[in-house]
Every structure is written in C-alpha cells, then in structure tokens.
Amino acid sequence: METGRGRGDTLISMAEQPAISVAGLWQVFGSDAASAFRRAQDEGGSSRDIAGRLEERGYIPAVRDACFEVAEGELFVIMGLSGSGKSTLLRGISRLVEPTAGHVSIEGEDILAASKARMTELRRSRIGMVFQHFGLFPHMSVIDNVAFPLKVGGMGRRERHDKVQCIIEMVGLKGREGAYPRELSGGQRQRVGIARSLAGDCSVWFLDEPFSALDPLIRRQLQDEFLDIRARLNTTIVFITHDIAEALKLADRIAIMRDGEIVQIGTPADIVLHPVDDYVREFARDVVRGRHAKVGSIMRADDDRAANGTPGLRPDMTLEDALATCMAHYEPVAVYDDGGNLLGTVDPQDIASALKADCG
Amino acid sequence: MSASSESPAASMPGPPRGQLAALLTLVTGAACLLLQDYAPWMVRFPEAWTLPATELVGTGLDAVLSAIKPVMRAWSWLLSYPMSWANAVLVGSPWPLIIGAFTAAGWYIGGFRMASLTFLGFGFVLLSGYWSESMNTLSLVSVSVPLAVLAGGSLGILANEVPRIRAALLATLDAMQTIPTFAYLTPLLLLFGFGPVVGLVASAIYAAPPMARNVILGLERVDPEVKEASIMSGASRWQQLFLVEIPAASQQIMVGVNQCLMASLSMVIIAAVIGGFNDIGWEVLLTMRKAQFGQAFLAGLVIVIFAIVIDRLSGSLALERKRHDRRVTWGLLLSGAVGAALLALTGADTAPEGVFSAAAVAVDDSLGAFTATHGATLDGIKTSAMFYGLLPLRIGLDQAVLPFTWGFQWTPAMSLWLFAIAVLAGLGLAAAGRHMAGAGLVIAVGVVETGIAELPWPFVIVGTMSLAWVAQGTRLAVLSAALLGLVLISGLWDRALLSLYLSGAAVVACVVVGGAIGLLSAVSGIAWIIIRPVCDMLQTIPLFVFLIPTLMFFQIGEFSAFLAICAYAVVPMIRYTRHGLVSTPPEMLEAATSSGATPWQTMTDVRMPYAAPTILLGLNQTILYAFAMLVIAALIGTTGLGQSIYLALGQADVGLGVSAGAAMAILAFVADRLAQGFAEERRKALGL
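Quick mapping for you: the protein sequence lines, in order, are chains A and B.
The first sequence lines up with residues 1 to 360 when you count with my numbering.
The second sequence lines up with residues 361 to 1048 when you count with my numbering.
If you are wondering where the hints come from, they were derived from the structure by calculation, not from laboratory data.
Only a predicted model underlies this, so the values are computations on that prediction, with no experimental measurement involved.
The C-beta atom is built at its ideal place from N, Cα and C for all residues, glycine as well.
Output of the computed footprint for chain B on chain A, the stretches with three or more beta carbons under 8 Å from beta carbons of chain B: (1) 122-128; (2) 131-139; (3) 149-155.
With these hints in hand, go ahead and build the complete structure from the sequences.
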C-alpha cells in the first residue's frame, strides 16, 4: 500500500502511542466468510490476489487489508465513492460488524478481543458515533435522545438531563429539548445526533458521512460548527465522507479508499499535489488547489540561489495567497519562519505549475 | 384423442417450460379419458388403496390429547378466573358507565370523530336489546386478546432474536392461519370440554399469528441506523430491544394489535357454534336456525357495528397520535358515571329491551312478502345458476345436461364433437403462435366436460405439478405432488375435489366480477369513492355474518354458500386490481400517451401488464379467503371437506376434524404457493 509523504508520518512518530491503530483489517461478506478468507489467504499472494480469489468464489471482500493509525487528537478522514467500503471499514473498527480478520486497537486496547460487556462499557464511556441519516429514536424527545447513552449507563433522569444541558447548548438546540425528531429540520436532527454521540464524554469520535444528507448551505454551517466543537474537545476523530471538498476542509490526514482498499493516506496537500494514481487525481481535479496546498509543500530548502525576501512568504501559507503576494516576481522568493529565519525559496514558476499541474 | 402428437409445440426446438407442462397435462388428461373404461382406477382412486388416515390420526391424537388433558384442564380452570372477572366488569357494570368509558377512550384516541363513532355504535348495541350478549362477547375478546398479544408478541420477538428458528416459525404461522378455524375447535373441545374456554383459547390461537407477524415485520423495519445508534450508545441487547426497537416499531405493532382484535372477535363469534355461552354469535346462530331472519339480521348488524367500532378505534392507535384535550376524556367518563348513578337511583339500571324488535319483525314480514312475490324470480336465479353454472362445473356436462335441466340429453357423441371442436380451435390458436392459449382451451373444455368433482386423480396431480413446475420449479412441483398424494391416500380425495370445485367456482366468479369492479374503480374516481367503503366494511365483518343475507334470500344450499364465499372473497380481487392499475408510474403513462396510445391501449398494453404481479397477489388472497369462508359456509350447506370438519365438530371426532382440516390446509397451501410463484415470476420478468 502506498502511503503519502510529509506531515502525516511525523505526526504519528511524535505521538507516544496512536489512539487508533488498524492493521490488516479484512471484511468479507458471504456464508462462512471467515474460513473462506483463511483458505484464500493460505493460498498466498498479495492482498489483491486474495481479494480476487475471494471474488471469484462469490464472496464480497468489502474491506481489504486496511492499515492505518490515527494519532491522539487527530482528525482522520476516510474518503471514497459509495461502495468503496468506507462505511464498512468504520463499522468494523467500531465493531458494529465483526471484522473477518485483522487487528484494531483503540487507546491501546484490543477492540476485537473485547467481550460484549466490555464493548458496551467502551461505547458508553469512550466511543461516540454519528450516523448519516441521524439514527434518532423517533419516540424520544431531543433531550431523551441526547441523554440516551447516559440512561443506558444507569444514570438517573434528573442527573442525566442536567448533564446533557450544556451539550445541547453547545450544538445550538437550546429551547428545543422537548421537540420530537419528526418536528426538526435535517440540520437540527444532525445536531441532535452529534449531541447524543458526545453525551458520554467520548475520547474517540466516529462520524459516518454526518453531513451528506444535508443541503449545501446547512452542510457548510455544520462543518464550521463541527470544527469549533472539535477545537474545544480535542477528541480523536475518524470522519467518513464522499465529498473531497469536505475532506480537504476538515482533515489533518485523509485516507482514500477504492474497492475496499486504501489507495493513499496523506495530508490534504499531499492528496492534491501528489496523487498516487489517476483515481486519486480524478478526485483532486475539481479542487481549487491553491486553497489546500501550502507553500511548504513546494519550497526548496537547499536552494542556494540568492533570494530576495520582499513578499515575506510563510510555509503555512496557501498557494493562492502566495501567488497573490509574489505575482510580480520572476526570481525565487525567500520563505521565512515566524522567527524570521530563512527556510528556503519558492520559485513563482513552481507555484504556477503546481496550481495548474494535472489540469490538462 | 391425440392432440399431443399434433401439437406444434412438440416440433419446436426446446419448447419453453410452460408449453412442456401444458403438453404433459394434456397427455395425462387424454390418457385418462381414453383408458377410463379399461382401467377405472385411473379415474377414481380405489378405496382399497387408501389408508384409514382419519382413524389413525384420531387414535394418535386421542392418546396425545388425553395425555395433556389434565394440564389443559388446569389451564382452563385458571383461565376461567380472568374470564369471570372481565364478565363481571362488563356485564355487571351499568351500561351508561360502559358507554361513557368507551366514548372517553374514543376521544382520547381519535378526538371527536372516534368519540361519536363509539357513542353511536354502543348506543345502537344498547337499543338493539343485545346488550348483555354483546358484553359477553366483549368479555371473551378482552381476555383472549391480551393472551394473543402476549403470545404473538413473544413469538415475534423470539423470531427476531433467534434468526435460525425464524423460517420454521413463519411456516408455523402460515399453517396456523390456513388451517380452517373449525378444524382446531374439535381437539380443543376434547381438551377443554364444552364451554366458553374453548372459544377463548381458539380465538387466542387464531389471533396470535397476525400479532407475531407484525412484530417481526415491525422489528425488521426499524431503521438500521437507529439500531446501530442504540448499540453505539452502549445499550445492552435488552435495552436495545425494549428502549429502542420495540418503541420504534410501535406503529407496526399496533397494526398487529388491530388485526389481532379483529381476528379474535371473528373467532369468538364463530366459536359460538359449540355453544355454552350466551354471546352475540350464539344469538345469530339461534335466530338463523329458527329462520327469524329479521332478528338474525339485527344481531348480525350488532356484530358488524361492534367490529367497525373496534377496528377503527384500534386502527387509529396505529396512526400518528394527535393529542386531544384530556379534560373531555374525564368529562365523558364522569358523565357516564353520573348516568349510571342516576339510573341506579331510579332503579332502572338494567339495559333496555330491544327497541328494534318491532323493526326486526317488520323485516321478517317484508322479507316474507318479498320472497312470496319474487320467490319465482329468486328461484329462477338460483336454479339457472345451479343448472348452467355450478352443476356442470361440479359433475361435468356429460352428467349435468339432462332433459330436466337443459332440455336435452348429453350423449357421448356430443362429447366427441365438443372435444373435436376444442382441439381444432386449440390447434388454430397454436398455429397462430399462441400455444399456451390453445393448450389451455383444450384443458378447460376437458374439465368442463368431465366436471371438477369427477376429474381423474392422475390428471389433477400431474396438472398441479406442471403448474407448480412452471410457477416455481421442481421443488414446489415435488412438494405439491407429495401433499396431494397424502390427501389421495387418506381417503379424503373426493371431498377435497368437492371443496376444490366450490371454491374454484367462487374464485372464478370473484376474478371476473372483482376484476371488473377493480378496473372500474381504477378508471373512475367516483366509482372508487362508492366502492371503497363497501370493501372496507366487507373486510371488517366477521365471516359468520355473511351467511345471514344469503340465507334470507336463497335458503340453505350450495348456491347460498357460493354467494357467501363470493361476497367475502371478492374484496381482495377488487382492491389489488385497482391498486395495481393505479400504481403505474406516471412517466410510463406519459410515455404511452406521447407515443400516441389511446386510453384503452394504455390500459391493455401498459397498465395491465404492469399490474399483473399485483393482480396475481390479489388472486392469491382471494383463493385463501375463499377457502377460509368455505368452512364457515358449511353451516348453511356445502359438501366436501368443510362439511366434514363441521360434522366432526358436532360428533367430537378429532380424527376426521383434524385430517379434513389438514387436507383443506394442503389445498390452500398449494393454491397459495402457485399464485405466489406466478406473481413472483411476473415481478421478476418486469424487473420489479
């Protein structure tokens, strides 16, 4: 499997222990999939060979040999078209379905080995999940929906209602506590879904295409609010989406899936500037590159050409901004860090070509 | 007759399944006809070959039943307590209180509409003079429904929790609903002895399956994300089920409760035939036996109104709740109580005598006058339907056509000519490329000439197998042949054919009439506005009540039974035909119109083919309804299995009752699978 270069790798090595680590995860559907998988695996070959063999025998390898790690506090986005296995992957990690093979550990605990009771425990206290179509309980009011994880955990009615009040306020539903899901708009329903997933003070947060069912304006608004909430809570997040713009806007790192395989993992800039293949390139095509790629990604650190520092580029500037400041320059432009130290240079030519690379 | 060798189907390279099957059936039929003189066993299954199935079943069941009898008697004793309590409450309470309470419930559930419906309905029951009988019936229902809801609900949950037993359980539920109601009254009678407990238990058994089915369906239909959300919230399985899934499925479950109530009411009334309880069903039966049709009609009307009130009341429980003013509920209850108190003070706290009895007598009189003046016409209708329709179908043209009936005597030469013409016509059709229609024509003529009740058994079995093979494949073919073979060797074959004939005739009539009405309702909105409430009402009425009007006009006999079956079984045909026709996607209609199709062309070429699977499902329902009614109609004179089941009940003959019931269930099962198979095949062909 190809892995993107750059910031992602360093991020992981910086963390003591990844919050989530997934290795060799397979999800095969079909009758007695586990032994069919073992047989196919014993016959050897790459994961692609194994998957091909399984398909020939009428099985559906929905997730194939997924490996990745998510650092504590990181926002990890899994992106792919419908049917690419991204939702199944998330369901395997959260054990909503039992994975066929592989390892998943969350905060150091082997999830696939956990007993049923332990899983229930973890879900009450550590893991929260948001669903595409909200998954609200139709017979419960907003506050009862939000407080449900506390209720099943055995907390008394008064206590749990007090406790979720601030979450309801945080998602902007104050005053609608008594309403029923059918009386709410789509955006409001997903706010309830978000609030419910946070009620148990989770440290790992799964979101399965949370904004896909919403119309574009509401979607953008909720994305911004989501980023606010995220900044406040510092949870580790796995976020599923099929929308590349959403992925680029929110992610620290992105994993791109195709036919059950993770084809690339990288930062938004990696994905946009260094797609590993045509599939990923196709995704990145519609994206306004300048908004997502940073100066740092095209800077030459070892450049010895004399650089004039007039425009004052920073490595974390987007290319769009960089282009605007050095429009008039034809020579390499120096890049400084916040302390004023020279880091390297950027050739305006490179900015231009990075912006239009792969356009044709 | 050797239509087979000349059939062009045979010369075609690799004829499709349908043609092969038709050919096979034709050959068998022809062989039976040709060989009937040399090998009579091919027409009539020799009695010496049958097993004494009814005796065997009887002895076996007797042993089982007497083994579990003590337990059941204990149960009976246990059940008698809640029954006497319910009875004490409903019959013992003064009527204003009951009416007030039900009206209050009506308001609470459905506001003004429901409150007034309940008030008027119960008011009518009060004025009819059948108050205490009605309350007796209601007390039986009020004990049997909780039992059925509990049993059905637990079965449904069990099927949901243990997927492995699900298929078996669904099959059992199927069987519980296809076995005719009277059939399990007999063993229950032996177990519990005469008395209301039998009706109670029978109605609980009969009412549990719809409940279980709806619980299964409801739980299955809960949004998967809702289920996942409850898992991810950390709910235990128990919490998921009772805090999330069951409440989320509550609407479907309430539909189950509604069906459960209706089934229970229907069964409680039918169970009146074993007597022992002074309820409204018994009243109908009694007055019917005394030929007091006015009174029977009145009692029947009470049942109908009861059924409608209960149905609408529980039906609106399944709809989305609106909140109605609680104070009105309390007010209604209070006024009921005040009324009761006032009555008690004046000492007039018994229910009033029927105010409609004069009307009932008047109905009797006018009915007498009507039958006196139009008796000839009615008889004319009856005899011509019998002579020209039912009788030939039953015993065939060769026996039904007599100088007395048709004015001339049928001769073998006529049969020969009829067959010759049929074969020629069939060949003509086949030459025009319509092989199936040709074969079908020849087969139909053969059946009419011979009569359904006289059909040779190899022909019936091979024909059914062929149909099953076309409809679904080898498995169903083998299964239906095995099941029919069971009926054959049990010695119930002749009776089964008689049942087949009557329900077949009724189904054909229903298809023609119901299809036409359905078509009319699909084309004309006004027609549907009129027909719809009639259909609603016909489906709410307990089966029993259908017998009253037919008896009033046509006396006891096969024709009355036929009419009663038709009246009950025609409804699904109407509904499904209309539904299929009106649910054609609008863009298909627009495409047809823009291609220049006339409305009639659109109907025949677009809407009808599209509706075919739905109409076939309607046919399926009609068949099942006809079988269900067949047994009830035995009360007013049918022959065949229905009659045997009814007789067995009278003689407490478990063997006969159960095996005849099983034979009936087999017929219904095979017919059901055939129709469903064809519907499924059409659905697939249309890519639905």
